[in-house]
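2 protein chains.
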Amino acid sequence: MVTYKEAGVDLEKADRSVKIISSILKKYGVSSENFGLFGGIYKLSENSYLIASSDGVGTKLKIAFMSGRHNTVGSDLVNHCINDIFVHGAEPLFFLDYIAMGELDLDILASVMEGFAKACSEAGCVILGGETAEMPGFYKKGEYDLVGFIVGRIEGRIIDGRDIKEGDILIGLPSNGLHTNGYSLARKIIFEKLGLSIDSPLPYDKNLTVADELLKTHRQYYTALKNAKELIKGMAHITGGGIPGNLSRIIPKGLKATIRKDSWEVPEIFKFLVKEGNLSDEEAFRAFNMGVGMIVIPYGEEFLNYLEKRGEKFWIIGKIEKGEGVEIV
Amino acid sequence: MVTYKEAGVDLEKADRSVKIISSILKKYGVSSENFGLFGGIYKLSENSYLIASSDGVGTKLKIAFMSGRHNTVGSDLVNHCINDIFVHGAEPLFFLDYIAMGELDLDILASVMEGFAKACSEAGCVILGGETAEMPGFYKKGEYDLVGFIVGRIEGRIIDGRDIKEGDILIGLPSNGLHTNGYSLARKIIFEKLGLSIDSPLPYDKNLTVADELLKTHRQYYTALKNAKELIKGMAHITGGGIPGNLSRIIPKGLKATIRKDSWEVPEIFKFLVKEGNLSDEEAFRAFNMGVGMIVIPYGEEFLNYLEKRGEKFWIIGKIEKGEGVEIV
Numbered sequence: 000m001v002t003y004k005e006a007g008v009d010l011e012k013a014d015r016s017v018k019i020i021s022s023i024l025k026k027y028g029v030s031s032e033n034f035g036l037f038g039g040i041y042k043l044s045e046n047s048y049l050i051a052s053s054d055g056v057g058t059k060l061k062i063a064f065m066s067g068r069h070n071t072v073g074s075d076l077v078n079h080c081i082n083d084i085f086v087h088g089a090e091p092l093f094f095l096d097y098i099a100m101g102e103l104d105l106d107i108l109a110s111v112m113e114g115f116a117k118a119c120s121e122a123g124c125v126i127l128g129g130e131t132a133e134m135p136g137f138y139k140k141g142e143y144d145l146v147g148f149i150v151g152r153i154e155g156r157i158i159d160g161r162d163i164k165e166g167d168i169l170i171g172l173p174s175n176g177l178h179t180n181g182y183s184l185a186r187k188i189i190f191e192k193l194g195l196s197i198d199s200p201l202p203y204d205k206n207l208t209v210a211d212e213l214l215k216t217h218r219q220y221y222t223a224l225k226n227a228k229e230l231i232k233g234m235a236h237i238t239g240g241g242i243p244g245n246l247s248r249i250i251p252k253g254l255k256a257t258i259r260k261d262s263w264e265v266p267e268i269f270k271f272l273v274k275e276g277n278l279s280d281e282e283a284f285r286a287f288n289m290g291v292g293m294i295v296i297p298y299g300e301e302f303l304n305y306l307e308k309r310g311e312k313f314w315i316i317g318k319i320e321k322g323e324g325v326e327i328v
Numbered sequence: 000m001v002t003y004k005e006a007g008v009d010l011e012k013a014d015r016s017v018k019i020i021s022s023i024l025k026k027y028g029v030s031s032e033n034f035g036l037f038g039g040i041y042k043l044s045e046n047s048y049l050i051a052s053s054d055g056v057g058t059k060l061k062i063a064f065m066s067g068r069h070n071t072v073g074s075d076l077v078n079h080c081i082n083d084i085f086v087h088g089a090e091p092l093f094f095l096d097y098i099a100m101g102e103l104d105l106d107i108l109a110s111v112m113e114g115f116a117k118a119c120s121e122a123g124c125v126i127l128g129g130e131t132a133e134m135p136g137f138y139k140k141g142e143y144d145l146v147g148f149i150v151g152r153i154e155g156r157i158i159d160g161r162d163i164k165e166g167d168i169l170i171g172l173p174s175n176g177l178h179t180n181g182y183s184l185a186r187k188i189i190f191e192k193l194g195l196s197i198d199s200p201l202p203y204d205k206n207l208t209v210a211d212e213l214l215k216t217h218r219q220y221y222t223a224l225k226n227a228k229e230l231i232k233g234m235a236h237i238t239g240g241g242i243p244g245n246l247s248r249i250i251p252k253g254l255k256a257t258i259r260k261d262s263w264e265v266p267e268i269f270k271f272l273v274k275e276g277n278l279s280d281e282e283a284f285r286a287f288n289m290g291v292g293m294i295v296i297p298y299g300e301e302f303l304n305y306l307e308k309r310g311e312k313f314w315i316i317g318k319i320e321k322g323e324g325v326e327i328v
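Those protein sequences? They're chains A and B, same order as listed. Be aware that the first sequence starts at 0, since it is given in numbering that gives the first Met the number 0, and climbs by one per residue. Be aware that the second sequence starts at 0, since it is given in numbering that gives the first Met the number 0, and climbs by one per residue.
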C-alpha cells in the first residue's frame, strides 16, 4: 500500500503548521477573524467585503515538466483560486500571478500565461499584475513554480454554511479528474510503482495517455453556479484533504455530513489509482476528490431545478445528520 | 568584471517577458489599463481604488539558507510589497503569503512567519491568509520559496507622477543595504570571486559578517511618508533595475530625471561590491539601489520641512529637466 505520507506529503504536519501560523498571527495582532475559511475576508463597508486567496498548483507542475505541455497549469491555478473565493459567494475581481524559474524561458512563460489568461477571460476576471522571477540555482532547467492570488468581492451575504440544518441534502458536482491535488501520490503509483511513462496509454482507455489524464484542467464552478447563490447555504471546494478535509470546514458544530460513496460514479482514474496503489478508502478520500470537485448544500429543491435547467450533471451524495464532522459510508 | 548577466540574471530578457505577457493579456481581454505601474490598480468606485502587488524575495533567500536565519526574509517581502503599493498613495489593507518547501520544516515555517507578522504589525496590515505548500522534489532540504501578495486602498488621488514638471527636485531616502535586489550579483562577487563565507567579517567593518550585511531588512517607507501623501507628485521604489529601471516608470514623456551620484554617501557595501566586482557605474546602478531605496518628487519645499520635522535622513539627489528617461551623472 502506498500512503500519501510515503509520497512525501504529511497532512498531519500540515495541520500543525496551520496552528503554528495562527498563533504567530495572534501574537503580533495581524490575524483576521475568519482564518480557516477557503479565503480570507476583509470588510470594506456594511455588507460589502473583499475576499482573497493564494494558491499554488502543487506537484501537478511535474506533469507539465515531464510532458512539455505548459499551457494548462495556469488555468488550473486560476480556476482553483476562483472556486476558493466563490464558495463564500464572491465574484472574482482580479488575479495576480507569480512565476519563478531558474533561467527565464520565454516560450514556457508564454504558454503558462496563456493558461492564466484563458481561464481569467472565461470568468471575466482581470489579470492586474504579477511577478516573473528569475532565480538562478532555485529551479532546474525547464522547471518553475507558479503562485496565484485572487481578490473577489462579496456584496450582501457571506456564504459560510451557518444555516445548515439536520436533514439538509448534499449535492456533488463532477470534477474533471484530479484537479490540483493528490499528485505526489498519483505520480508515485503511476511512475514509480507501475513504471509507466508520461506518454503511456492508460489501461482503462487506450486513447488517453498519462499526460492527457493528469493534465485535465481543474474545473471552475463559478460560471455554473453564480446565478444560484441565493439558493445556497454552503459550498465546499474539494482540494487537498479531499471531501473530509474540506467539507468539514463548513459543517456547523453538532452536525455531521454523511456521504454515501455509492451515490456517484467514481471516474476510472481514481478506481485505477486505488487499485494499483492498494489504497484504503480513507487514504483515497483524503488524497483525491474521487470525482466530486464541489459540494453544495442548498436551501431546498429550487437549486436542483436550477441545475437541471442549466443541464448540469450532479448527484445527491449525502445528508446532514446529528453528530460531528464528515463520515463517508 | 562580473556582469549581472553572468550572475544569471538577464534584465533585457526580463523586459521582453513583460512585452510577451502584455500581448497575451490583451489577446484574451484580461489586461488592466495600468499594466507597468508598481502595482495593479482596480477601480472600486469614484475616487476609490484597490491596488495589488505580488513579489518574491529573490535570491536573498540563499543568504537565509546559508546562515540558517529565517526570521527576516518575511519582513523583507512584506516591506517590499507595502512600498510597491504605497508609491501610488495606498494604505495597505491585507497581505497573503505563499511558502513552498520540499519537505515542510515547522521551525523554518515559524521563523518565516514571524518575519511576515512583525512587518505587517508595524504597518497595521492584516495577514488575511496564505498557502503553505509541501512540494517533494521541488526544493532542496531546508530551502523554500516565498511569495507575498498585498492589497491596498487608495482614496482620492492616485500618485503617479503626472504633475511632474521641469525644475522639480528629486529627494532620495536611504536604503538599508541591498534590500531585495542584486543578490545574484552580490553572491557571485562575495562567495565565488572573493571566496568569503557567510560568517566572514567584511573588510570595511570587522564587526559585520556577510550574513549580517546581506540580511539587513528591506526598509518600509510607508510609516515615514504616509502623512505627507498630499505633498508628493510621484514616488519610485528602487528595486530590481535600480534607479534607472524604476524612476523611469513615473517620469512623464519629454522630461528627464538627472541624478547626481555625488549627492549622497554611497554605503560601504556598494563601494565594496563595485570595487571587488570591478563593476561599471551603469552595471552597479542597474543591479543595486546604491543607497537610495525610495525617490520622491514633491510638490515643493513643504515636503522637506515634513522630513526634517520627523528627523528623517534625506538627500536632494537630482532634478527634472527637458529630455527623456533617467540620466545618472
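Read the hints as simulated data drawn from the structure, not as lab findings. As the structure is a computational prediction, the values presented were derived from the model and not from experiment. Among these hints, one or two may not hold up.
The list cannot tell twin chains apart, which means a pair is met if one copy fits it or any two copies do.
Result set (BS3-like, lysine-lysine): computed pairs, CA atoms no more than 30 Å apart in a straight line [what the hints assert, rightly or not]:
(1) 18 / 215
(2) 312 / 225
(3) 42 / 225
(4) 26 / 192
(5) 25 / 225
(6) 274 / 26
(7) 260 / 205
(8) 42 / 228
(9) 274 / 312
(10) 42 / 321
(11) 18 / 42
(12) 12 / 312
(13) 215 / 139
(14) 318 / 252
(15) 321 / 255
(16) 25 / 117
(17) 192 / 139
(18) 274 / 228
(19) 25 / 215
(20) 117 / 228
(21) 117 / 12
(22) 117 / 26
(23) 274 / 318
(24) 42 / 215
(25) 18 / 139
Can you give me the call for residue 26 and residue 192, within, between, both or neither, at a CA distance of at most 30 Å?
Neither. Shortest intra-copy (45 Å) and inter-copy (43 Å) distances fail the 30 Å Cα cut-off.
For the identical chains here, do residue 25 and residue 117 meet the 30 Å Cα criterion within one copy, between copies, both, or neither?
between (39 Å within a copy, 11 Å between copies)
Up to 30 Å between alpha-carbons, please classify residue 42 paired with residue 321: within, between, both or neither.
neither (33 Å within a copy, 46 Å between copies)
My question is about residue 18 and residue 139: at a cut-off of 30 Å on alpha-carbon distance, are they close within one copy, between copies, both, or neither?
Between copies only: 25 Å across, 32 Å inside.
How do residue 215 and residue 139 come out at 30 Å by Cα distance, when the copy is not named: within, between, both, or neither?
Intra 24 Å, inter 28 Å, cutoff 30 Å: intra and inter.
Within a copy, between copies, both or neither: where do residue 260 and residue 205 come within 30 Å Cα-Cα?
Classified as within: same-chain Cα gap 27 Å, cross-chain 67 Å, threshold 30 Å.
Classify it for me, residue 117 with residue 12: is the Cα-Cα distance of at most 30 Å met within a copy, between copies, both or neither?
between (35 Å within a copy, 24 Å between copies)
30 Å Cα threshold - placement of residue 215 relative to residue 18
between (33 Å within a copy, 29 Å between copies)
Homomeric proximity label, residue 117 with residue 228: Cα distance no greater than 30 Å
The answer is within: 24 Å in one copy meets 30 Å, while 38 Å across copies does not.
As a check of your reading, is residue 192 near residue 139 (CA-CA no more than 30 Å) within one copy, between copies, both or neither?
both (24 Å within a copy, 24 Å between copies)
With identical chains treated as interchangeable, where does the CA-CA distance between residue 12 and residue 312 reach 30 Å or less: within a copy, between copies, both, or neither?
neither (36 Å within a copy, 46 Å between copies)
At most 30 Å between CA atoms: does that hold for residue 321 and residue 255 within a copy, between copies, both, or neither?
within (6 Å within a copy, 71 Å between copies)
Checked against the numbered hints given earlier, this structure breaks hints 4, 6, 10, 12, 18, 24; the rest are met.
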